[in-house]
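Please model the complete structure; the sequences and the hints are all you need to start from.
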Amino acid sequence: MGLVASAHYEEAISELQRAYEILPHPSVLYNIGRACLELGDLEAAIANFRKYMESDPADRDETARLVENLESRLKRAQAAIAAQPQPTPLGQGAGVVPDPTKGPVVQPTGPTQRAKPAEGAAAAAGDPEVHDAVRIERGKGEDVFEETVVTASRAAQSPLDAPSSTSIITEQDIRLSGIVKIPELLRRLAGVDILESTGAQTEVSLRGFNQRLSNKILVLVDGRSVYIDNLGSTIWSALSVGVEDIERIEVVRGPGSALYGADAFNGVVNIITKAPGEGPSGASVAYGDRNTTHGSFWATGREGQFAWRFGAGYDYVARWSRDVSPARVDVTLPSGSETTSQRTVRLDFRGVRRLGKTVSVALGGSLVKGDTELLGIGPVSDVVLRDLTVTDLTAKLDSEHIKLRTFWNHYESPDQRNNVAYVGQLALQASPRVDVADAELQYVSKLTLGPSVANDLHIGVSYRFKSVEWEFLDRTRTEHHEAAFLHDEIKLGRFLALVADLRLDYVPFLERVIPSPRGSILVHPSARSTVRGVVATAFRKPTFLESYLHLDIPLPVSAVGAFAGSFAGRDESSHVREERVLTFELGYSNLESDLVSFDSAAFYNRVDGIIELEPNRPLTLGDIARGFDAFDAPSNRYAAFFTGFNNACQGFDVAGGELGLRFFPTEGLDIYGNYTLNVVRQDNSKCGASELALLQQDARTSTHKVNVGVQVRTKAGIDGSIDFHYVSPQTWAEQVINAERQRLEYSALKLSPYSLLNARVGYRFSGDHAEVSAMAYNAIGTPHREHPFGQVIDRRTMLMFTYKL
Amino acid sequence: MHRLKTATELAYASLFLVVPALFVPACGDLRVDESASDRPPSGVIRGTVLYQGPRPCTRDGHVVGNAVLLLFDRANPPPPLGIATTALNLGVVAGDVLFANEPRVTGEAIDCPADRNDTTIVRASAPFTVSPAAAGSYVVQAFFDLHGEFLPTFKIRNLPRAGDVAGGALDTADALAHAADPSYAPKFLPVDVGLAQPLAEGAPADTIPTFTMPPAGFVRDNVSVTLGAVLGLPRPYFYAAGSEAPAVAPAPTPQNPETSFDPELVPVLTMPQDLQLLAPPDVQTPDNVAAYQARFPGLRLIAGVPDAERAVAADPAQPFHFDVASKDSTAFAVFRDGMREIPEGQGVPKLWPTVVLTKLVDDPGHAADRQSLAVQGSSDARKVSSAAAQPIVVVQGLTLAQDSLLTSVLSPPSSSPTTENRADHVTVLVRPAVVCFDPRHVDRGGVLVTPHLTGPSADPSEAVPKEGKPLFDVAAVKMGMGKLVRDVQRGCLPLGRYAINAVYPSGQAWTVPNEAGSCEDAEGRVDDSTNPGACLGRPRPVLRSQGTRAVVEIVPAADPTTCSALAAADPSLGADGVPRACVALSVE
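Taken in order, these protein sequences are the chains called A and B.
Here the first sequence is numbered in our numbering, starting from 12 and rising by one per residue.
Here the second sequence is numbered in our numbering, starting from 135 and rising by one per residue.
Because the hints were derived from the structure by calculation, they are not lab data.
The reader is advised that the hints may include incorrect statements.
What the hints assert, rightly or not - Calculated from the model, a selection of chain B residues having no Cβ within reach of chain A, i.e. all distances over 12 Å:
#1 S169
#2 A170
#3 R180
#4 N223
#5 D230
#6 P286
#7 P391
#8 A442
#9 G472
#10 D497
#11 S548
#12 T552
#13 R556
#14 P604
#15 V689
Said to hold, decoys possible - Listed next, with one range per pair, are the computed distances between beta-carbon atoms:
#16 A:V747 with B:P343: 26 to 34 Å
#17 A:E756 with B:T695: 43 to 51 Å
#18 A:A644 with B:I255: 48 to 56 Å
#19 A:A644 with B:D305: 30 to 38 Å
#20 A:A644 with B:G241: 38 to 46 Å
#21 A:E756 with B:P343: 26 to 34 Å
#22 A:E702 with B:A718: 25 to 33 Å
#23 A:G792 with B:A718: 20 to 28 Å
Glycine is no exception: its CB is placed at the ideal position from the N, C-alpha and C atoms.
Structure, rendered in structure tokens:
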């Protein structure tokens, strides 16, 4: 915007057009319009203002008045030109009717095709109405390219004002990376733990404690939780949005229960999709080795006050490796394949209608169908979910003071089973069905007290109904969760802000209310830097699986199993409790320079009550006396011992930090690097002798992680990126079957350090509407595992073609 | 700025030069990586269960009970053919599957046609699969659990009962030919899984080869398991006299030391590790034989359970399900094993039930094996301890007829379990000799260890050489015990607690201590104030007669110089005089 301010309008238009390509924000259109106006190009200015109005901005009426004035001005100018002798035919630009469905509109440059800048500027300046209208833009010159986050406090704000450590993956990051798996996009961020366990499934955690079926973070899509309640995890391959639908991904590190309740234990990942009506429609197709296929189509439009967006996609992902040789005669593949990891189609529709200036109603729904594969917990290893159906229906009401959001998530897989089973053994077949209905009502009050004190208050209540039918549970279970929350943010001048949060969650399984407070203090030593201190707690409630488990697990003896039950074999009063984390965090961010940005955080976490499979308890005669039927007819197995879930006696002291730098040395070149330190001390002081005898040191989180990358965009249309990731060694304390002792027990499994190099090169053509690109994942090709039982990851390459209207 | 521009150009150049080289596609078949799989190559045994016997019991629309297939190491089958105490693997064919076409009652009460004197014989068959199975050579013993009592993890419910239909993968022609012999031991056919490795040069022809699992796994098909022998006897339920009551004026033992003394661990019988017997008299007068018998420690095993425990033990609502509803039904069937004699000969007949003592894992702290259930060298031992595997150590008992060796010799019972041969108790002489086996190679035979090979004669008038009279004929004993003993060695007996097992030729057996007599860790401690007792943590009755007192403990030598002298004379013995083969396994 400095170029506009300094009257370098042509340069400004060029910059803004590139900017719009990267981030198609409506305000950019306004500013292009403004620059065109200053340059005297009224037609282009009108076209851009009109396109800006399509986004239904708050100043739509004012902009409409401006357009009216400009149009009348243009008519007068054209009439004046018509009355003069024509030295040359009318310029093409003069008669062009801009197509509002395209990007920013600027007339082809040429001395005869537009009014002289001085004339135009004088014309505009000479019209008092236009002059007034142009003043509107002054408020729009600041925040267009300012990154905005909403996840850390439920309201749009700069990351510098976020009360928790927050990072963003932008649309540009996504496009330039060439990655089509959403969780894989997060690998570039500091403090993020990524574990690609199968071709389809990647586990994500923040600041450690990743695991098979990761359950320490909450994943949201536009604020809607996509947590699968029976597993307590996120099935990324079952999301209804493709990478092309994403505007940005916000990652909030640290406890999030104060805002989002249970399950936002170590952080929140919020996927913000492109708003209905914004951006172009388009399609992309990609094909790679092992028949990896990615297809995506999206359309967006606006009819009056109604804007909509529709997305559809197809993904086929092969397994990284086979668990068993095809020559094996002792096993069967109940899932029918040891090559496919994911085959899904997805549909997603969102619409929003404005009702007046400050009220909008949004409706949406989605459907995902197909097969996908997970690495299960404990001895339940490789699981295939066949004929998976995941749907949602969402409705939102947004107004200045009241926000109401409801959604219904449905998940079912009529054919869930192990991928491999010994001949004659059942493959833990089941058909889970999960329904979640969620409603949240929020009252927002923004209050300004004098010139230097502003208060932002959010008070809300929420209700969540859950129903899970699953053969792994004792019976169909339903739960009713209620919660109330408060978020208050006080800005005291430009230099200081205080944030306080409190959320109270009633957890029906535990039959009590769990409070989750958070307090933050933000100090701004300068306008573009922040020192942030945070104290927060969070909890993770037991999942349905952990709460109501009822499952017979096969052992290496043919007809003997482990009965896994949450209640059977022990007193109901001793059931599993919630996991807890307490965090202290100190962060510093600096965005002062246009050349480099800096973000850092240091934290200490105390984690207690991690839920794990409990040490085995033998089946006793007392269990038989109480009526336990040790023979499980469906599996043809006799129970030998009990297992289930309990809270680990060991606690964890975690100290660490993240340090991130991003350089912008010149136009089109971004370089980033970040480092993550995570030092874990296992505290066994609360463990008894029998527990200590079974324990292993758990060092599943790498102490060091490094991410480095470079992104290049050229004027010639050639783009490229290289991302390098290094993960230091890990030692996983996993519970495995000891065939000799016929029981589950901890085993320390070491994972070697690994590096990952991803690269993409692309070429934009046809006026940047089309793009071809090639992407290599793990380009070095060093095979590695990211979990001791995970598939072996090697190199994959893919070609992609994208066309945007 | 110039420097920055140069750097930018370099970055562009390197990016566009390097990136294309990275896009070489992966090719070839999908990588196979079994190293992290929890399903390593394994064996599958498939075949058919053929049943011929009484109609099954039904309840609630289902057949009660299952066909149970127990896989034992062919080198070490269970008694009476071997010394195995636990099956290596288990297979199940559900009764509903085996008897898919049998009518069944829908009520909650169990309906057993055989109990209604329905003598109809039905035939049924169904396929079975046992997997995963490790490489090896197996014998498959099987039975149909008619009343649905089988539970593999409890000694008290893991073997067939009266009425069950027994069999296995066996030589059916041979079995038919011996159908009238109550002491007949079926010939089980080998079921091999994996690839047999060549035998060492010069190895005996009947040596069982080592088997390895091929990388693709192994399927052993077409195994035929026949069930057709209805078991007429109940399991030989018993308790050792003295075990039903708390110890009186107990003396600490090495396994129950003074520092952690527990009255529930006081053994019913102790035997010094250097016990000296008398040599059998040349002239068998009642006095001589009585004198000979008197030197043996004697165990009195009483059939069934004490009267105070009977109702609880037989109560269907309790978990024990002992078949001891009446004294008559629980009496021992004491009968002769054909015309066989004990290995020592001397005209002493071998009688059923045979009694074998099996050494339990050493557990002086009473922490690892609180219920005294884990037999040293067995898979049970591995469940309670991660220590290195140890030898299996057994003591062969000598079952007497009417408590008398003389009677056993002069008036032995017949060789069938007739009504006249029933006894409410048996006396068992405990030989001061152990056989130590390497559990990996039981088929190679064990080492018989005894503290003395000679001694004074039971006949005081008999002239005996200075070095003493041989206690038994070593060659005859080796021959009499077949492949079970490969060598006889003089040494002190391994200290420790020994469980007591009584076995019938059908393989039906009973063991004390067992789960009924004490409480698991998770069940808490035993309430001593009641009879029967009770577990205090997770309440259920405790049958004290089946508890941790029901063991024979071999205690230190009466004369400490005996063992040290033996150790000094034989380098294959440890410093305590116990052969190393009885303490630790050789390194392979």
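Evaluation of the provided hints:
1. The Cβ of S169 of chain B sits about 9 Å from the closest Cβ of chain A, inside the 12 Å cut-off, so the non-interface label is violated.
2. With a closest Cβ-Cβ approach of about 5 Å to chain A, A170 of chain B is found to fall inside the 12 Å limit, against its non-interface label.
3. Not every CB of chain A is more than 12 Å from the CB of R180 of chain B (nearest about 7 Å), against its label as outside the interface.
4. Distance check for N223 of chain B against chain A: the nearest CB is about 5 Å away, which does not clear 12 Å, and the non-interface claim fails.
5. Taking the minimum C-beta to C-beta distance to chain A, about 7 Å, the non-interface status of D230 of chain B is violated against the 12 Å cut.
6. With a minimum CB-CB distance of about 5 Å to chain A, P286 of chain B fails to clear the 12 Å threshold, and the non-interface call is violated.
7. Every Cβ of chain A is farther than 12 Å from the Cβ of P391 of chain B; the closest lies at roughly 20 Å, confirming the non-interface assignment.
8. Interface exclusion of A442 of chain B from chain A stands, the closest Cβ pair being 18 Å apart, more than 12 Å.
9. Distance check for G472 of chain B against chain A: the nearest CB is about 35 Å away, which clears 12 Å, and the non-interface claim stands.
10. Even its closest Cβ contact with chain A, about 15 Å, leaves D497 of chain B beyond 12 Å, as expected for a residue assigned away from the interface.
11. Listed as a non-interface residue, S548 of chain B keeps its Cβ farther than 12 Å from every Cβ of chain A; the least gap is roughly 38 Å.
12. Every beta carbon of chain A lies more than 12 Å from that of T552 of chain B, the smallest distance being close to 34 Å; the non-interface claim holds.
13. With 12 Å as the threshold on Cβ separation, the claim that R556 of chain B sits away from chain A holds: the shortest Cβ distance comes to roughly 29 Å.
14. With a cut of 12 Å on Cβ distances, P604 of chain B stays outside the contact zone with chain A, its closest approach being about 43 Å.
15. Residue placement check: V689 of chain B keeps its beta carbon more than 12 Å from all beta carbons of chain A (closest about 30 Å).
16. Taken as a hint, the range 26 to 34 Å holds for the pair V747 of chain A and P343 of chain B, whose Cβ atoms sit roughly 31 Å apart.
17. E756 of chain A and T695 of chain B have their C-beta atoms about 46 Å apart, which keeps the hinted 43 to 51 Å range intact.
18. A hinted range of 48 to 56 Å for the beta carbons of A644 of chain A and I255 of chain B is inconsistent with their spacing of about 26 Å.
19. Distance hint for A644 of chain A and D305 of chain B: a CB-CB separation of about 33 Å, consistent with the stated range 30 to 38 Å.
20. The hinted range of 38 to 46 Å is not satisfied by A644 of chain A and G241 of chain B, whose Cβ atoms lie roughly 18 Å apart.
21. Taking the beta carbon of each, E756 of chain A and P343 of chain B are about 33 Å apart, inside 26 to 34 Å as hinted.
22. A hinted range of 25 to 33 Å holds for the C-beta pair E702 of chain A and A718 of chain B, which are about 30 Å apart.
23. In this structure, G792 of chain A and A718 of chain B break the distance hint of 20 to 28 Å, their C-beta atoms being roughly 49 Å apart.
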